[in-house]
Amino acid sequence: MDIQNIHPLVIFFAAITTNNILLTNFLGMCSFLAVSKDLKSSMGLGAAVIFVSTFTAPLNWLVFHKLLVPFNLEYLQYIAFIIVIAAFTQIIEMVIERVSTLLYLTLGIFLPLITVNCAILGCALFLVIRQYTLMQSIAYGLGAGTGWALAITALAGIRVRMEKKSKVIPELEGPGIALIITGIIAMAFIGFSGIVKIN
Amino acid sequence: MSTGPAKGMNALKRMLWDENPVIGQILGICSALAVTNLVKNTLVMCLGLIFTLMMSCLTVSLLRNVIPRRVRMIVQVLVIAAYVIFIKIVLDAYLPEISNELGPYVGLIITNCIVMGRTEGYAMGNKPVDAVLDGIGAGIGYSLVLLPIAMIREPLGLGTFFGIQVLPSDWTRWNMMVIAPSGFFALATFIWVVRAFKTSGAKR
Chain A
1 MDIQNIHPLV
11 IFFAAITTNN
21 ILLTNFLGMC
31 SFLAVSKDLK
41 SSMGLGAAVI
51 FVSTFTAPLN
61 WLVFHKLLVP
71 FNLEYLQYIA
81 FIIVIAAFTQ
91 IIEMVIERVS
101 TLLYLTLGIF
111 LPLITVNCAI
121 LGCALFLVIR
131 QYTLMQSIAY
141 GLGAGTGWAL
151 AITALAGIRV
161 RMEKKSKVIP
171 ELEGPGIALI
181 ITGIIAMAFI
191 GFSGIVKIN
Chain B
200 MSTGPAKGMN
210 ALKRMLWDEN
220 PVIGQILGIC
230 SALAVTNLVK
240 NTLVMCLGLI
250 FTLMMSCLTV
260 SLLRNVIPRR
270 VRMIVQVLVI
280 AAYVIFIKIV
290 LDAYLPEISN
300 ELGPYVGLII
310 TNCIVMGRTE
320 GYAMGNKPVD
330 AVLDGIGAGI
340 GYSLVLLPIA
350 MIREPLGLGT
360 FFGIQVLPSD
370 WTRWNMMVIA
380 PSGFFALATF
390 IWVVRAFKTS
400 GAKR
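Quick mapping for you: the protein sequence lines, in order, are chains A and B.
Sequence positions in the first sequence follow the working numbering and run 1 to 199.
Sequence positions in the second sequence follow the working numbering and run 200 to 403.
Chain B extracted, bound-state conformation (with noise of 0.2 Å):
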């Protein structure tokens, strides 16, 4: 944007579709690919990256002017890792069979750019309040495109919505949307999809 950060609801807002991190920037691809298979997971996964990215961004904001330059990028990691590692203990003691079937993707919510991306990029030169609407902001922008795209897959891979049985039982299950390809496969098309909006919009 060319007049200067964007201030108050218009940093939530500029998330959602105009500078959606994941259409628009490219980031946080890796657990988008990974874990759209399963509408559930997607969603812990979501909420589990939108409290990370409030929190962290809240926290490098307020300590914007005691951190020294030189070390910010360490500093930023570890003040994203201990909210992960917070996450990770919730996880594990209320949805323990999520937790693992998440595996590793918790954990990897540390080196998710969009995190690191929204902290040194925003949170490190704007005031707490703008902070954290911008984290919020990217984190739904980033739960708009990992929900539908799981929602997609889910239940052409397995018949299955929410774990729940929702189309017939005599239904053949694309075994190939919830396998890894299609995971590539289901974004590619989310991101052609939107770019074509996006530019019959302009054309307007």
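Okay, chain A solo, but in the shape it has when bound (with noise of 0.2 Å):
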């Protein structure tokens, strides 16, 4: 089936579960790792992925489709997608500021994070090398971001249950430990191939 043809749902369903971008494309593992010891900023951290990806993937789309491609200029996508991201961050952030504070606390102080969160970079790059329209671009940074929050959320919660209840070996504590998780809760998303599936 020709790329251009499938339905931006399907898209977005499938960047939540079988192509999940945290689980199948290891993007954003940094912060994922670092800030999923706490439910409460975990969640803080997905919801601005979320929003900046929803909104970075489009503008991206425009910049490379309208602005890189009629100047024969495609080599420069990294930069220009960096700048992107890093300019609407940015901007966000001082929006945010002003407007509330208490928008800013729980979503403001995630925003310089996300601007070297390779997921959002990671969303730019594959919506090029798919093809995918604006239509599915938008699709897909929103199922994208969704995917990534519900993953750091699952395994925040799981972390801060073990953390009570169960002892790890001292050689697997922090990291260790939450990458094993990572693998069991990649294997279940797994499971949802047979649903949707895009490439």
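Each hint should be verified, as a subset may be incorrect.
Cut-off 25 Å, straight-line C-alpha distance, at most; resulting in silico cross-link-like pairs (SDA-like, lysine to any residue) [as the list claims (entries may be wrong)]:
id, chain 1, residue 1, chain 2, residue 2
1, A, K164, B, T388
2, A, K37, B, F384
3, B, K287, A, N72
4, B, K397, A, N72
5, A, K165, B, A395
6, A, K167, B, G400
7, B, K212, B, T371
Rather than coming from a laboratory, the hints here were simulated on the basis of the structure.
Hints are included, so try docking the two chains, each in its own frame, into the full complex.
Printed below as a string of structure tokens:
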């Protein structure tokens, strides 16, 4: 099937489950492992990632297809994407800071972290490689962000409980056991592959 | 380290074991998991990262007195991105197949936390020679983790090594080893083994 004909909704669900950006593409691992110790910040960071990926995906699509392709500057895509993402997070951070202190404290403090989150840049690179249309990239951005948020919330929930209830071998404590748990979550997500599949 | 930043060859050496970026600082995990199902891709990725680290540490260190503090992050990212574009172009020209398979992961060297961590944490405050050694050390330290993992995953998963059949052809492939979850398990096991070594070394 031609990729342009895939319904955006299919892409949305595939991005959450079978093509989960964290569990199958391993993007955004650094902040995933560092922040997932605590449930509340995990949800905050997850929300921020959903927000940023939903908006930067179509922005990057526009920059790539309307600005870089007409001038044959595709090789500049990395720099263009990184500038779009950095500028977007910077502007949103300033806006949020002005508008609401509460929102800033729950969402805003995570925005600088997101500039170097590879999940956001990965999103932009995938939508170029897979040749999505504008609608499909919005769906993909939203889906990838949601999938990432889902994974980090799940891991944080498990880690918080494990800390209280169980003992881990000292050498595996922290990142080691977090990786193993993530591996098991990833196996569970493979179970979705019968439902939707995109490449 | 409490005795101030390491200089010279020490800057390189400490990155290999004591302060290994992947095992010690848990940085650069994304690509450590994603490309390690094939030895060939891993090798290309490691060489790319060593090159990027070396060149961006050098550039940032040379420019360290010129870059205004407020915009230093964005300057560093742009320096890194420039070198990554260079790698991408070279790969596309000489190894188009591998470039295709690595897909977005070459571009993602830009957001690889190791590069950013070294330029921000070391190159911004040290002389070019030390910065280059530090960068090379971090790159080699990264490769020292990725290559063994790839060398375990590829033979078990596909029965091949560097694309050449090494195990008997009736070898039952562990498909598990080349798909996503095993990446997590392999890296966790590796961290476990290395930390066990470190603690037993410390006891002695």
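Hints versus structure:
1. Distance hint between K164/A and T388/B is fulfilled; the C-alpha atoms sit about 23 Å from each other, no more than 25 Å.
2. At most 25 Å may separate the alpha-carbon atoms for a hinted pair to count; K37/A and F384/B meet this at roughly 19 Å.
3. Pair hint K287/B plus N72/A holds up; C-alpha atoms about 16 Å apart against a cutoff of 25 Å.
4. For the proposed pair K397/B and N72/A, the alpha carbon gap of about 52 Å is over 25 Å, so the pair is violated.
5. The straight-line distance between the Cα atoms of K165/A and A395/B is roughly 23 Å, inside the 25 Å bound, and the hint therefore holds.
6. For the proposed pair K167/A and G400/B, the alpha carbon gap of about 23 Å is at most 25 Å, so the pair holds.
7. Annotation: proposed proximity of K212/B to T371/B is violated, straight-line Cα distance about 40 Å (limit 25 Å).
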